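*Asks:* What follows is each chain in one-letter form.
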Amino acid sequence: MSERAYRQRLEADIERWHADGVISTTVADAIRGSLRPLPEAATVAVVVGIVGGLLIAAAFLAFIAANWMVIARPARFLILLAGIIGAYSIGAWFDRTERTVLADLSVAVGSIVFGAAIALTGQMYHLAADFAAGLLLWAGGALIAAVLTGSRGALAVALAAACVWNGMRVFETDDIHLPFVFFWLVAAGLALAWNAPVARHLVALAAVVWWVHTGLGATQRFFLFDPSFTVAAGASLMLGGGLALAIRAPESRRAFGMTLSHYGAFALAFALAWIVAGIFGAVPRRVPVWITWCGVAGAVLAFVAAAIERRVALALAGISIALALIVVSGVIRPSGANEPWAVYALALASMLCLVISGMLDDVRPRIVAGWVGLGLSIAAITWAVKGSLLHRAAFLAAAGIIAVALAILLGRLLRREAAR
Amino acid sequence: MTFFEKISNAIPRFLLYAIVALVQVALVVVMVVDRARILREGAEVTLQTRPIDPRDFLRGDYVVLNYDISSVAAGELKDRPASGRGTVVYVKLAPKGDGFHQAVSVHGEPVAIAPGEALIQGRVARGTECGATRRAFCDRLQINYGLERYFVPEGEGREIESARNQGKVSIVAAVTSGGRAAIKRLLLDGKPVYYEPTF
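First to last, the protein sequences are chains R and A.
All residue numbers for the first sequence refer to my numbering, where the first residue is 1 and numbers rise by one.
All residue numbers for the second sequence refer to my numbering, where the first residue is 1001 and numbers rise by one.
Check the hints yourself; a few may be wrong.
[To be verified] Pair ranges (Cβ atoms, derived):
{"no.": "1", "chain 1": "R", "residue 1": "75", "chain 2": "A", "residue 2": "1113", "range": "50 to 58 Å"}
{"no.": "2", "chain 1": "R", "residue 1": "75", "chain 2": "A", "residue 2": "1026", "range": "13 to 21 Å"}
{"no.": "3", "chain 1": "R", "residue 1": "75", "chain 2": "A", "residue 2": "1192", "range": "49 to 57 Å"}
{"no.": "4", "chain 1": "R", "residue 1": "70", "chain 2": "A", "residue 2": "1029", "range": "18 to 26 Å"}
{"no.": "5", "chain 1": "A", "residue 1": "1126", "chain 2": "R", "residue 2": "312", "range": "20 to 28 Å"}
{"no.": "6", "chain 1": "R", "residue 1": "201", "chain 2": "A", "residue 2": "1094", "range": "55 to 63 Å"}
{"no.": "7", "chain 1": "R", "residue 1": "205", "chain 2": "A", "residue 2": "1192", "range": "21 to 29 Å"}
{"no.": "8", "chain 1": "R", "residue 1": "185", "chain 2": "A", "residue 2": "1133", "range": "30 to 38 Å"}
If you are wondering where the hints come from, they were derived from the structure by calculation, not from laboratory data.
In this text, all values refer to a predicted model and were calculated from it rather than measured experimentally.
The beta-carbon is built from N, C-alpha and C at its ideal position, and this holds for glycine as well.
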């Protein structure tokens, strides 16, 4: 829940409690007074201003490009540098007048102009040697801007450029590209230090992108057919590691860990459904050991968190990860022409565990991820192009009956528990 | 207050913005200065361009240049382990009788060169996917030297590409002792049509 939505709900509750006589006016005022002031919100005027700022930045760049041969090259170069300095000067002015959203925007625009300056300088001076290196330069400059000014926009620019840099290196070398991890760790440090939702989401999303790139790199480097195992292993680490980070931690680390776990849960659901769909046919067996260990570490961390906190929800998340890893690792294979019923059953069980884990913890993203995984897995089983449709119908019916029986049993147990 | 916030608060905010601007400006300036150093200090080599697939060569306002030295025999590198596409190699160039430079040999490390020769650094675009592990050099290598794009004024690209496909375009590149290269002049029928000033 966002801070603003929480405040609205709290205010409604305070008014209701006050009207019902649960709390006095003094207590209601004391609750209101104990709240921190809300951070500056993006009003309609600010949003329009943001659009205007971005349009001006684009117009600036188009102007430079359009007058390519009319303006002398040193003059063009100086205009680019002036664009960078101008953006940060405006940002500093907004910052001084405490218009933080606009200051953040200016730094983001400055970082974009910096990237454009790299590209246009490369064009002006025929520097076509290494495009990916140019992206790294851009990402590094934007990250410095984020570190020094606290701009979420600059962090977004930095991570976007770094993800493209990573993707290009993977494509160029047909291999896994580990240097991105160092860049990501710096960004993660910022997200922790800022305790800002936007930064947490950006960093978690970048981690998913890196694991997808790593999966694609691994397919080339290690002759794998399918990147799903690598993605699932990374997702497991994010889910389990995120849950472990979140236990008995200060607010910033807890929120960061939870965000990582949410993105990990969704990535795991998609990777699992991909395998169940059997898009690439055979499931790979040969993967680098460290990737396997990342997946195992995710499950272990979830179980360790469950043991420390004594929470069933975390243990169920660990079981979900473990079952998903068994599926994607390919250790269970159908004999002969049989369909992979055990794989289907484990995949469904894994996602069901994820849904229940989210329900017990009252964490909506984990619940949604589990439902997405269940839905995609059922769809994949139903519409798999191989084998007998009749057999799959029987399997789905049996799975449904087992689930209904489990639901009845759980319902009775919960009622008995409530009656005690 | 976190350590990060303490550090941030200890420095005036406008100074932080100024530092960011200066760092980014410095990074862009370094790009240009570095290229200027190559142009100033590098030995000149003349390279003949080749016709290439017409669907590929002009995107926007630059001409894609392919050279005789872009595709070379791997020689001693053949079957040796490579680190995939993008592996850095060094190509020894020597002048031919017609005034152009040609590739003499390819090496995994910088090697000594004789007077008149040049050693240019490149990255293998194709030719590192051979052998049982698909990680060894093939018998021929496609190499990029960072000289493959030349940005031209709007509308002038077609003329150059047409001339290039008739074998009339060549370039003069500056190559440093470390192997880094930059285009210095673009020649049409041996006459300079574009000259690159240092700045």
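*Asks:* Please go over all the hints and tell whether each is borne out by the structure.
*Replies:* Going down the list of hints, with the structure as the test:
1. 75(R) x 1113(A): 50 to 58 Å: With a Cβ separation near 39 Å, residue 75(R) and residue 1113(A) fall outside 50 to 58 Å, so the hint is violated.
2. 75(R) x 1026(A): 13 to 21 Å: Given range 13 to 21 Å: holds, Cβ gap about 20 Å.
3. 75(R) x 1192(A): 49 to 57 Å: 23 Å, violated
4. 70(R) x 1029(A): 18 to 26 Å: 23 Å, holds
5. 1126(A) x 312(R): 20 to 28 Å: Check failed, 55 Å falls outside 20 to 28 Å.
6. 201(R) x 1094(A): 55 to 63 Å: 56 Å, holds
7. 205(R) x 1192(A): 21 to 29 Å: Violated: the Cβ-Cβ distance is about 50 Å, outside 21 to 29 Å.
8. 185(R) x 1133(A): 30 to 38 Å: 31 Å, holds
Comparing the model with each numbered hint stated earlier shows that hints 1, 3, 5 and 7 do not hold.
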